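Trainee: Residues per chain, in single letters:
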Amino acid sequence: EVQLVESGGGLAQPGRSLRLSCAVSGFTFDNHAMHWVRQAPGRGLEWVSGISWNSGSIGYADSVKGRFAISRDNAKNSLYLQMKSLRPEDTAFYYCAKDTGSGGGGGPAALGNWHFDLWGRGTLVTVSS
Amino acid sequence: QSVLTQSPSASGTPGQRVTISCFGSRSNIGSYTVNWYQQLPGTAPKLLIYNNNQRPSGVPDRFSGSKSGTSASLAISGLQSEDEADYYCASWDDSLKGVFGGGTKLTVL
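Sequence order for the protein chains is C and F.
For the first sequence, the positions run 1 to 129 when the working numbering is used.
For the second sequence, the positions run 1 to 109 when the working numbering is used.
Pulled out of the complex, with its shape left as it was, chain C reads as follows (with noise of 0.2 Å):
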């Protein structure tokens, strides 16, 4: 079944860590960029982070860069997300979604094609004291 299950999410502190995961199933891994799209409850969606097929490429949204980091193991079929100094607004859904194309070109192309064509369930994180 072609899927993407994420985990790792919960209740953190403000300034905490923790690492969300992405297990990917169905599909050849190393063949597409992934991303992490994140959405607080009952707002919009909001991109975090993508990466290309070989980690060549990596980009982040203004909001996390500097304390979230993106990576991926190929061999396990796994997407990662570190996040460090955590803050209140970081509580929201995360996605993990995969990109239709494999990335690693220039410019916007370096993350893909900017199409998500499956998205994960998604796993909520809460930031509160």
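To be clear, the hints were calculated from the coordinates, so they are not data collected in a lab.
Remember, predicted model here, so these are calculated numbers, not experimental data.
Take the hints with a grain of salt, since some may be wrong.
Stated by the list, open to error - Incomplete in silico selection of chain C near chain F, CB under 7 Å: (1) Phe27; (2) Leu45; (3) Trp47; (4) Ala61; (5) Pro108; (6) Trp114; (7) Arg121.
As the list claims (entries may be wrong) - Just the calculated beta-carbon pair ranges, DEER-fashion: (8) F:Leu109 / C:Gly106: 44 to 50 Å; (9) F:Gly15 / C:Gly8: 28 to 34 Å; (10) F:Ser68 / C:Gly15: 41 to 47 Å; (11) C:Gly107 / F:Ser68: 47 to 53 Å; (12) F:Gly30 / C:Asp62: 19 to 25 Å; (13) F:Ala75 / C:Gly106: 30 to 36 Å; (14) C:Ser128 / F:Pro14: 40 to 46 Å; (15) F:Gly15 / C:Pro88: 42 to 48 Å.
As the list claims (entries may be wrong) - One-sided excerpt, in silico: chain F residues whose CB lies under 10 Å from chain C: (16) Gly15; (17) Asp86; (18) Ala90; (19) Gly103.
Every residue gets a Cβ at the ideal spot worked out from N, C-alpha and C, and that includes glycine.
With the hints as your guide, set chain F onto chain C.
Mentor: Chain F alone, transformed into the frame defined by chain C:
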């Protein structure tokens, strides 16, 4: 505050044609293609339109997209009750980041 601007809400009656607009700037929509996502209540988003006007397989031809200058539109014809959802436009930005619209909540009256 989202980089791309959408009206918060839209509505229509069954069978009607509805249009949802998305406004950006030269650094995003004006330079790159636009994608649209549909998010049904309580579910993950789904790719509805990519590259301005292309439909992934399985998306009904009632859904169509267009782009002109720094704005884009999603049109839904023959509106059905199951189309009630949130719709998001998305594009790339020269600042090397992905950008979404704030979303439009479509109500089928």
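Trainee: Against this structure, judge whether each hint is valid.
Mentor: How the hints compare with the structure:
Hint status for C:Phe27: violated, given a least beta-carbon distance of 15 Å to chain F, over 7 Å. Evaluation of the C:Leu45 hint against chain F yields a held restraint, the C-beta minimum of about 4 Å falling below 7 Å. For C:Trp47, the suggested interface contact is upheld, since its CB lies about 4 Å from the closest CB of chain F, less than 7 Å. With a least beta-carbon distance of about 6 Å to chain F, the hint placing C:Ala61 at the interface is held under the 7 Å criterion.
Because the closest C-beta pair between C:Pro108 and chain F is about 4 Å apart, less than 7 Å, the hint holds. Evaluation of the C:Trp114 hint against chain F yields a held restraint, the C-beta minimum of about 5 Å falling below 7 Å. For C:Arg121, the interface hint holds, the least distance from its beta-carbon to any beta-carbon of chain F being 6 Å, beneath 7 Å. Taken as a hint, the range 44 to 50 Å holds for the pair F:Leu109 and C:Gly106, whose Cβ atoms sit roughly 47 Å apart.
For F:Gly15 and C:Gly8, the hinted distance range of 28 to 34 Å is not satisfied, since their beta carbons lie about 45 Å from each other. Between F:Ser68 and C:Gly15 the C-beta distance comes to about 46 Å, which sits within the given range of 41 to 47 Å. The hinted window of 47 to 53 Å between C:Gly107 and F:Ser68 is violated, with their beta carbons roughly 22 Å apart. A hinted range of 19 to 25 Å for the beta carbons of F:Gly30 and C:Asp62 is consistent with their spacing of about 20 Å.
The beta-carbon spacing between F:Ala75 and C:Gly106, approximately 33 Å, falls within the hinted interval of 30 to 36 Å. Range check, C:Ser128 to F:Pro14: about 42 Å between beta-carbon atoms, so the 40 to 46 Å window is met. Between F:Gly15 and C:Pro88 the C-beta distance comes to about 45 Å, which sits within the given range of 42 to 48 Å. Taking 10 Å as the C-beta cut-off, the interface hint given for F:Gly15 is violated, the closest approach to chain C being about 28 Å.
The interface hint given for F:Asp86 holds, since its Cβ lies 8 Å from the closest Cβ of chain C, which is under the 10 Å cut-off. The beta carbon of F:Ala90 comes within 7 Å of a beta carbon in chain C, closer than 10 Å, and the hint placing it at the interface holds. Hint status for F:Gly103 relative to chain C: holds, with the closest Cβ pair at about 4 Å, below 10 Å.
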